[in-house]
Amino acid sequence: MAQRGNLNLSEAAEATLIVAAQARDQAAFGELVRRRQGWARALLRKMCSNHAEADDLAQEAFIKAWDKMADLETPAAFPGWFRRIAVTTFLMAKRRQKAVFEEIDEDLSPIADETSTPEAQAGAKIDLEKALARLSDAERLCVTLNHGEGLSHGEIVEMTGLPLGTVKSHVLRGTEKLRRMLEAA
Amino acid sequence: MTELNALLKRSFAEIEEPADDGFTVKIGHAVARREASAVLRNRVYAGAMLLAGLAVFYGVYALVQALGPQIMAMFGLEIAQAYGAIASGPSATGQGILQSLGAGMTQLLLITGALAGGLATFRAVRQG
Numbered sequence: 045m046a047q048r049g050n051l052n053l054s055e056a057a058e059a060t061l062i063v064a065a066q067a068r069d070q071a072a073f074g075e076l077v078r079r080r081q082g083w084a085r086a087l088l089r090k091m092c093s094n095h096a097e098a099d100d101l102a103q104e105a106f107i108k109a110w111d112k113m114a115d116l117e118t119p120a121a122f123p124g125w126f127r128r129i130a131v132t133t134f135l136m137a138k139r140r141q142k143a144v145f146e147e148i149d150e151d152l153s154p155i156a157d158e159t160s161t162p163e164a165q166a167g168a169k170i171d172l173e174k175a176l177a178r179l180s181d182a183e184r185l186c187v188t189l190n191h192g193e194g195l196s197h198g199e200i201v202e203m204t205g206l207p208l209g210t211v212k213s214h215v216l217r218g219t220e221k222l223r224r225m226l227e228a229a
Numbered sequence: 336m337t338e339l340n341a342l343l344k345r346s347f348a349e350i351e352e353p354a355d356d357g358f359t360v361k362i363g364h365a366v367a368r369r370e371a372s373a374v375l376r377n378r379v380y381a382g383a384m385l386l387a388g389l390a391v392f393y394g395v396y397a398l399v400q401a402l403g404p405q406i407m408a409m410f411g412l413e414i415a416q417a418y419g420a421i422a423s424g425p426s427a428t429g430q431g432i433l434q435s436l437g438a439g440m441t442q443l444l445l446i447t448g449a450l451a452g453g454l455a456t457f458r459a460v461r462q463g
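Residue numbers (the numbering used here), protein chains in the order written: chain D, 45 to 229; chain S, 336 to 463.
Keep in mind that the hints are not guaranteed to be accurate.
[Claimed, not checked] Capping the alpha-carbon separation at 30 Å, the derived lysine-lysine pairs in BS3-like fashion look like this:
no.	chain 1	residue 1	chain 2	residue 2
1	D	Lys108	D	Lys138
2	S	Lys344	D	Lys108
3	D	Lys142	S	Lys361
Worth flagging that the hints you see were computed from the coordinates, not collected in a lab.
I would like the entire structure built from these sequences, with the hints used as guidance.
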């Protein structure tokens with residue numbers, strides 16, 4: 045059981061670990077990573093089309109978090125703060141790969157009738173990871189943040205720096221693509 | 336659309352989080368390496384600053400040693416001259432310059448007063 049001074053790391057509250065990590069306690073940060081790695085990697089796996097890339101970005105995001113721990117104002121803000129770091133890391137990686145986020149694919153087939161298969165949708169279960177992998181990077185990011193993380197369009201704009209119209213289009217089109225994949229399944 | 340949204344939300348929530356397959360250890364090592372290199376960098380920086388400080392001190396010391404007596408002598412001479420000038424009062428030439436300045440200053444003040452008065456009158460006329 046990890047113990048450090050009077051602090052029992054494995055039983056310590058997350059806020060305690062964050063405060064200790066802000067004081068440059070590597071063991072406390074390690075425990076924080078152990079607790080949050082699943083969530084962080086899952087978040088980035090939803091945004092990336094492959095797991096290896098997502099894990100590399102998660103590692104990069106955690107190291108950035110370690111460097112910037114002093115900037116975190118309150119421990120309670122950690123999830124949102126880290127999510128922002130993860131999204132920024134993802135966007136920077138995509139910019140390095142010259143991915144284009146502003147353009148919207150206009151060649152999509154028309155939007156399907158909304159009332160087409162509500163029963164099928166309600167009871168269905170989709171392999172979301174496979175479906176997400178078929179979206180563009182920008183659509184996957186916006187759909188994940190909107191549906192997966194529950195962020196509003198405005199919050200996504202604030203986090204990604206993309207224009208509001210672009211975010212709305214990516215969410216709408218990404219969602220429609222997922223629906224068509226669901227209908228086809 | 337609501338049903339689709341609900342399905343998506345549920346599906347997102349159902350995506351399994353990956354198990355810790357050495358990820359935490361890898362981050363721990365990366366952080367430790369980073370901290371070690373930061374400590375090394377700080378030590379190198381402190382050492383470099385110390386060396387630079389010693390070099391500057393040595394340079395200044397050498398300069399003072401070489402030119403110190405001359406500087407002190409010049410400084411003493413200046414003080415002596417200033418003291419002499421204060422003690423003996425202004426010379427005949429100096430008195431002439433001061434008188435000219437005083438006369439010139441009177442003219443200057445008269446001209447400035449006239450200009451200010453003229454400007455005030457001009458503004459008062461324009462506003463009135």
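Next pair to validate is Lys344(S) with Lys108(D); report whether the Cα-Cα distance is within 30 Å. Cα-Cα ~29 Å, so holds.
Between Lys108(D) and Lys138(D), does the CA-CA distance stay at or below 30 Å? holds, 17 Å
Sort out whether Lys361(S) lies within 30 Å of Lys142(D), counting only the CA atoms. holds, 28 Å
The structure is consistent with each of the numbered hints, conforming to all of them.
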